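In the order they appear, the protein sequences are chains A and B.
Just so you know, we're using our numbering here: the first sequence kicks off at 1 and counts up by one.
Just so you know, we're using our numbering here: the second sequence kicks off at 1 and counts up by one.
By construction, these hints were calculated from the structure, which means they are not laboratory data.
Here the structure is a predicted model, which is why all the values come from computation and not from measurement.
It is possible that some hints are incorrect.
Claimed, not checked - Simulated restraints on C-beta separations:
1) Lys17(B) to Pro256(A): 45 to 51 Å
2) Gly79(B) to Arg246(A): 56 to 62 Å
3) Arg246(A) to Lys17(B): 47 to 53 Å
4) Glu275(A) to Gly79(B): 36 to 42 Å
As the list claims (entries may be wrong) - Pulled a few chain B residues facing chain A out of the computed Cβ check, cut under 10 Å:
5) His25
6) Ala26
7) Val30
Where is the CB? At the ideal position from N, CA and C, for every residue including glycine.
Below, each chain spelled out in residue letters.
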Amino acid sequence: MNVRPDIAGQAYKGRTASIGFAHGPFVRVDAAPTNDRVVGTPPDEERALRAALASAGRQVAALAEAAGGEAAQILEFQVALLDDEEFLEPTFAAIRDGTSADAAWAAALAAQIADYNSAADEYLQARSSDLADLRDRVLRTLRGGDGETLKIPGGAVVCADDLPPSRFLEIDWNGGGLALLRGSPTSHVAMLARARGIPMVVQLGAVPTDAASALLDGEGATLELDPSSERLGLFERRRELHRKNRASARAILRRPAASWNGDKIRLLINIQQVEDINHPDAQYADGIGLMRTEFLLAGKTDLPDEDTQYAAYDTVLRWAGNRPVTIRTFDAGGDKPVPGFTEAGEANPFLGVRGLRLCLRHPGIFSVQLRALARAAVRGNLKVMFPMVTAPDELEAGRALFVEAVGLLQSEGVAAALPPLGIMVEVPAAALTIDRFKAAFFSIGSNDLAQYVTACDRSNGALAALLDPLNPAVLDLIGRVAEFGTRSGIAVSLCGDMAGDPRCVPALLSRGLRELSINPSALAQIKRTIDELGSGGGRE
Amino acid sequence: MLETRKANGEVITGSVKLIHAAGMHARPAVKLTKLAKKFQAQISVRTSATAEWINAKSVSKIMTLRAARDSVIEFEASGEDAEAAIAALVELVATDFPDTDP
Chain A
1 MNVRPDIAGQ
11 AYKGRTASIG
21 FAHGPFVRVD
31 AAPTNDRVVG
41 TPPDEERALR
51 AALASAGRQV
61 AALAEAAGGE
71 AAQILEFQVA
81 LLDDEEFLEP
91 TFAAIRDGTS
101 ADAAWAAALA
111 AQIADYNSAA
121 DEYLQARSSD
131 LADLRDRVLR
141 TLRGGDGETL
151 KIPGGAVVCA
161 DDLPPSRFLE
171 IDWNGGGLAL
181 LRGSPTSHVA
191 MLARARGIPM
201 VVQLGAVPTD
211 AASALLDGEG
221 ATLELDPSSE
231 RLGLFERRRE
241 LHRKNRASAR
251 AILRRPAASW
261 NGDKIRLLIN
271 IQQVEDINHP
281 DAQYADGIGL
291 MRTEFLLAGK
301 TDLPDEDTQY
311 AAYDTVLRWA
321 GNRPVTIRTF
331 DAGGDKPVPG
341 FTEAGEANPF
351 LGVRGLRLCL
361 RHPGIFSVQL
371 RALARAAVRG
381 NLKVMFPMVT
391 APDELEAGRA
401 LFVEAVGLLQ
411 SEGVAAALPP
421 LGIMVEVPAA
431 ALTIDRFKAA
441 FFSIGSNDLA
451 QYVTACDRSN
461 GALAALLDPL
471 NPAVLDLIGR
481 VAEFGTRSGI
491 AVSLCGDMAG
501 DPRCVPALLS
511 RGLRELSINP
521 SALAQIKRTI
531 DELGSGGGRE
Chain B
1 MLETRKANGE
11 VITGSVKLIH
21 AAGMHARPAV
31 KLTKLAKKFQ
41 AQISVRTSAT
51 AEWINAKSVS
61 KIMTLRAARD
71 SVIEFEASGE
81 DAEAAIAALV
91 ELVATDFPDT
101 DP
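Whenever a hint applies, use it, and build me the whole structure from the sequences.
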C-alpha cells in the first residue's frame with residue numbers, strides 16, 4: 001500500500017479502553033460485505049442457508065471452546081440460537097416464498113434485533129449485539145466472504161467502527177491492538193481486551209481507511225497512522241518504559257503500603273459488582289473505596305429486594321475482613337437509566353433527577369436499600385455514602401430515612417446499625433461549601449466533578465480534550481476539599497478515573513489527598529507511581 | 001414451590017418459582033432449552049403472568065418471556081417421557097440452574 005502524505009504522521013485521539021502499546025500493519029475491518037450473491041432456486045437457497053448456519057455454528061463453538069470462561073458463556077447463546085427451529089423458521093418461510101437466503105436471513109434477524117432493542121429491559125437490549133454478531137457471521141459465510149476466518153495478519157492494529165465479541169475472539173492479537181471509531185470502555189469487548197492485556201482505544205471518530213501501518217498507544221489513547229521514523233522512535237521508548245513498569249509493578253504490590261513525603265497513602269479499590277473482588281490484585285488493596293450498587297438494578301424487571309441486596313453487601317464485607325468497605329447508594333439517572341425508577345424524557349439527564357436526588361423522590365425503593373445496608377453494617381467495617389449531593393439538606397434527609405430504617409429493624413428484633421455516613425463530592429456547589437456538610441467522610445467523584453466544572457458532557461466524545469481533569473479549576477476544588485479534610489480531621493478520598501491515572505497522581509498528592517480508590521487492575525501501576533514520587537521527595 | 005400433577009392422563013404439568021437473581025436471561029434460557037431437548041416429549045412453558053404457551057425447546061421464545069425473578073414458571077408436557085421431562089425442568093429452575101451439566 002502507498003503511504004499517503006496527507007495522512008502520514010496524523011494522530012487521532014480517543015478514549016482508553018485497555019492500556020498497552022501496539023505497532024503493526026493497519027487493517028480496517030468493516031461490517032458484512034454487501035456484494036450480492038448469485039441467487040438460486042428456493043431449494044438451493046435453503047441448502048445454502050443450512051450450510052452457512054452449520055458453518056457459523058462450528059465457528060462460534062470453536063471460538064467458545066478456545067476462549068473458555070466468560071467469553072464462552074457470551075457465545076453459548078448464539079450457539080443455542082443456531083439450533084432453534086422456531087428462531088430459524090421465519091427465514092426458511094421467506095426462502096420458500098422466493099426470497100434469497102441472505103436477504104431472508106438479514107430481514108428475519110433485523111426483526112428480532114428491533115424486538116430486543118425495544119425491550120424496556122437494558123439487559124435484553126444489550127443482547128441485540130449478540131444477534132447482530134450472529135447475523136453478520138452467517139452473512140459473511142453465505143456471501144462467500146471471509147466467514148471462516150478473518151484474514152488479519154498477526155500483530156495488526158485493527159480498526160473498526162465497532163467490533164462484536166466473537167470477531168474479537170477470532171483475531172490473533174499477539175502484539176496487536178484494537179482501535180474503534182465508536183465503541184465504549186464498558187463494552188464486552190473492552191472487558192475481554194483488558195482481561196487479555198490487549199491495547200484498545202475507543203471513540204476515535206473519523207479515521208482514514210487506507211494507511212499502511214499504525215501505532216496504537218492505549219495509555220495516551222492515541223492512534224498514529226504511517227508514522228515517521230522519529231515518531232516511531234518516541235513510541236518505542238514509551239512502549240519500553242511501559243513494559244518495564246508492568247514487570248516491576250507486580251513485585252511492588254507485595255511490598256507494604258505506599259508512602260509519600262512520610263505519609264502513608266492508602267490505596268483502595270472500586271468495584272462495580274461483587275465478582276470484582278476476585279481480581280488477583282484485589283487482595284493487596286487497603287479496602288474498598290467505592291462499591292457501586294447499580295449492578296443490582298441492571299437487567300431486571302423488578303427492583304432488587306432487601307435480602308438480595310443484603311447478600312451482595314455481606315459477601316463483600318466478609319471478603320474485606322477488617323478492611324473498610326464504602327458502599328455508595330444507588331446512583332441511577334444521568335447516563336444510567338433504570339426503567340421504572342429513573343425519570344424518562346429529561347432534556348438534560350446529567351443535570352436531572354439522579355443519584356441521591358432520585359432516591360429521595362422514591363423513599364420506598366431507597367428504604368429497601370437502607371434496610372439492607374443497616375443490616376450489613378453489623379457484619380463488617382461498613383461506610384455508606386450518597387452520590388450527587390448538592391446541599392446539606394439532602395444529606396440530612398437521607399440520614400433521617402436511614403435512622404428510621406435502623407429503628408424499624410431494631411424494633412423488629414433484627415440486628416442493625418447506622419454506619420458512618422459520607423457524601424460523594426462531585427457537584428461544584430458541594431465542593432465550594434464543603435464545610436456546611438456534617439459528613440463522616442468525603443469521597444471526591446472526579447469524573448462528574450470535572451464534567452460539571454468544565455461544562456462538558458462526559459458522554460460526548462467531541463469534548464474529550466476539553467474535559468481535562470487537570471484543568472486548574474478542577475484541581476482547585478479538589479485541593480479545597482482535601483484541605484478542609486486535613487484541617488477538620490475528616491477523611492477525604494478520591495474515587496474517579498484521575499486516581500488511577502499516573503499523570504494525575506502527583507497533582508492529587510500535592511493537594512493533600514492521602515487516600516485513592518482505583519480499579520483493581522491499576523493498583524500495581526499506581527503504587528509504583530507513588531513509590532517513585534516518594535523516593536524523590538523526602539520519605540521517612 | 002415444586003408441584004407436579006397428572007392432568008387428563010397424558011398432559012403433565014409442573015410449576016416452579018424462578019429464584020435466579022437476574023431472571024430468565026440468556027444463560028438460564030440456554031440451560032433450560034438444552035435440557036428440554038434431551039426429551040422426546042413436546043414441552044411448553046409460560047409464566048403465570050403470560051397466557052400464551054411457548055415451545056420450551058426454543059431459546060429465542062424463552063427470551064421473549066422476559067420472566068423476572070420470583071415469577072412462577074409453568075411447564076406442560078405430553079409424550080412418552082413427559083413426566084421425567086417435567087421433573088427435570090422443575091428441578092433445574094428450583095436449584096437455580098447449577099453450572100454442572102444436568
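Taking the hints in turn, this is what the structure says about them:
Between Lys17(B) and Pro256(A) the beta carbon distance is about 50 Å. The supplied range of 45 to 51 Å therefore holds. Under the hint 56 to 62 Å, the C-beta atoms of Gly79(B) and Arg246(A), about 59 Å apart, fit the expected range. About 48 Å separates the C-beta atoms of Arg246(A) and Lys17(B), a value consistent with the hinted range of 47 to 53 Å. Judged by the Cβ atoms, the range 36 to 42 Å given for Glu275(A) and Gly79(B) holds: they are separated by roughly 40 Å.
Proximity of His25(B) to chain A holds as hinted, the smallest CB-CB distance being about 6 Å (cut-off 10 Å). Against a cut-off of 10 Å between C-beta atoms, the interface hint on Ala26(B) holds, since the closest Cβ of chain A lies about 4 Å away. Hint status for Val30(B): holds, given a least beta-carbon distance of 5 Å to chain A, under 10 Å.
In summary, this structure violates none of the numbered hints.
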